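S.K.: Sequence:
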Amino acid sequence: MEKTVRENPTMKVMDIREKVTRKWNVGILRNMAFRAKGIAKDKVEGSFQDQHFISYRPIIGLDGCFLKGKYGGELLTTVGRDGNEQMLPIAYAIVEVLIEDLGGEAVCASCTFISDQQKGLLPAIQDLLPGAATTTYPQQWEAEMRKIKDINLDAFKHLIAILPRFWSRSRFTSRSQCDTLVNNMCEGFNSVLVHSRSKPTISMLEDIRIYIMKRWATNRTKMSSYQGSVCPKVFNRFQNESWLTRYWLPRWSREKLFEVKHISQFGEQFVVNVDNMDCTCRKWTISGIPCTHAITTMKFLNINAEDYIGHWFRKSTYEETYNPIIYPIKGQNVWDVTPYSNVLPPKKRTMPGRPKKKRRLEDWELKKNDSELRKGGHRKKCSIYTEIGHNKKGCPQRPQTVQVPTAQSTQQTEVSQPPSTDLPITQEDTMLPTAQFHEQPQPTQPSATHVPITQDAPSSQCRDE
1 MEKTVRENPT MKVMDIREKV TRKWNVGILR NMAFRAKGIA KDKVEGSFQD QHFISYRPII
61 GLDGCFLKGK YGGELLTTVG RDGNEQMLPI AYAIVEVLIE DLGGEAVCAS CTFISDQQKG
121 LLPAIQDLLP GAATTTYPQQ WEAEMRKIKD INLDAFKHLI AILPRFWSRS RFTSRSQCDT
181 LVNNMCEGFN SVLVHSRSKP TISMLEDIRI YIMKRWATNR TKMSSYQGSV CPKVFNRFQN
241 ESWLTRYWLP RWSREKLFEV KHISQFGEQF VVNVDNMDCT CRKWTISGIP CTHAITTMKF
301 LNINAEDYIG HWFRKSTYEE TYNPIIYPIK GQNVWDVTPY SNVLPPKKRT MPGRPKKKRR
361 LEDWELKKND SELRKGGHRK KCSIYTEIGH NKKGCPQRPQ TVQVPTAQST QQTEVSQPPS
421 TDLPITQEDT MLPTAQFHEQ PQPTQPSATH VPITQDAPSS QCRDE
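Under UniProt numbering, the letters of the sequence shown match residues 1 to 465, in that order.
Mixed in with the good hints, there may be bad ones.
[Said to hold, decoys possible] Straight-line C-alpha distance at most 27 Å; calculated DSS-like pairs for lysine-lysine: (1) Lys68 / Lys348; (2) Lys261 / Lys299; (3) Lys147 / Lys157; (4) Lys214 / Lys330.
[Unchecked claim] Distance windows between CB atoms, simulated: (5) Leu153 / Arg360: 49 to 59 Å; (6) Ala217 / Val26: 53 to 63 Å; (7) Arg398 / Ile160: 16 to 26 Å; (8) Pro232 / Asn8: 43 to 53 Å; (9) Val271 / Gly389: 43 to 53 Å; (10) Ile326 / Gly38: 25 to 35 Å; (11) Glu259 / Val26: 54 to 64 Å; (12) Val271 / Ser316: 28 to 38 Å; (13) Ser224 / Leu181: 12 to 22 Å.
Worth flagging that the hints you see were computed from the coordinates, not collected in a lab. Computed from a prediction, not measured in an experiment: that's the story for all the values here. Glycine included, each C-beta is placed from N, C-alpha and C at the ideal position.
Can you build the whole structure from these sequences, using the hints too?
M.R.: Shown next as structure tokens:
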């Protein structure tokens, strides 16, 4: 049957049944002949199932963003990763409301999905978390988690409640051939659509189509002038791993089985099997790029390590990825008019308050304590003493300003001093108007030997009586 399909790919099922009857004198059903033709076509032209991800790594990022138009809605995006470790938009759709329950539809089990389930982990362990997340084998992950437990028990409980296969490379499988820990490829695609999200539906979809069409053409022509067989970013990573081989010593066991040890006395030690493309550090297994230990053994065997890089990162695979063309389309004024009814917009939902353009911040982004992040993820910093936790307005060590008395206030203070009780004064002196202090020069305080005494002033003898 394989030879028959190769010679005549358009052969009908009825002709296949007649040929089987003439050759073997056996009658077969129509469904049996149809299945036989399908199996033969898979062998000749290739299987749809096998070639579904022949140019794409089975790593898919899912994300969504809210539309800022009149009717709202959400824009759902699906982004993959090409051979040069760059984002690869796969699909996008506009929905009115995101439905979490899809009715139990089957999801591809051979794909790895990335989503931002957690917008942020505890900021207090931001220096310790990368160690537990980037480790590639379980023993090192357990050691890093013990360090976190000794420093912050609450942080340890928070992390241990999340399955490690969602955030730690030590539990990643080799199926996706990707060691990324973040969803930046989806966020990067959404950042391109920031201004388009405020436009009407057709205008927004046209912006997305034009962006993808131009990106496809740019990547298609950019790689045509590249001389290497491995994509540039992957090749730079491979060179960095190759440079570190000077710190590792290979010990030959048999054929292509090695023991690789660090040159330090108490350094780490791993086992490399070149035939199985495996290393106990699991970096090679997870990423598809030979690790430092594997390259060390390949240099010992005098074989080309580039040949062991996964086919996902080859130039030929990259060109095959961007080989499909996104064709240009005509303007809206020359579109065909369909006989169907016009699609009505959804019901407008007026939300309370002022329309918001920015996303809602998480609780960890709103903290304003001295030891925690404040709104926007930044902490206040004093510009006087460069201390974190306050600004210069609320600085406790800020120098206090001393008010210097002016000449006018000095005059008022001296004139308002009460005279000595031993000196008699007249009624005119006590009833002096306030305006005189501003118009007349400062009066001198009378001394005890030159006191003017009027006739109306009583003598000391009269006062004693």
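S.K.: Which earlier hints can't be squared with this structure?
M.R.: 5, 7, 13
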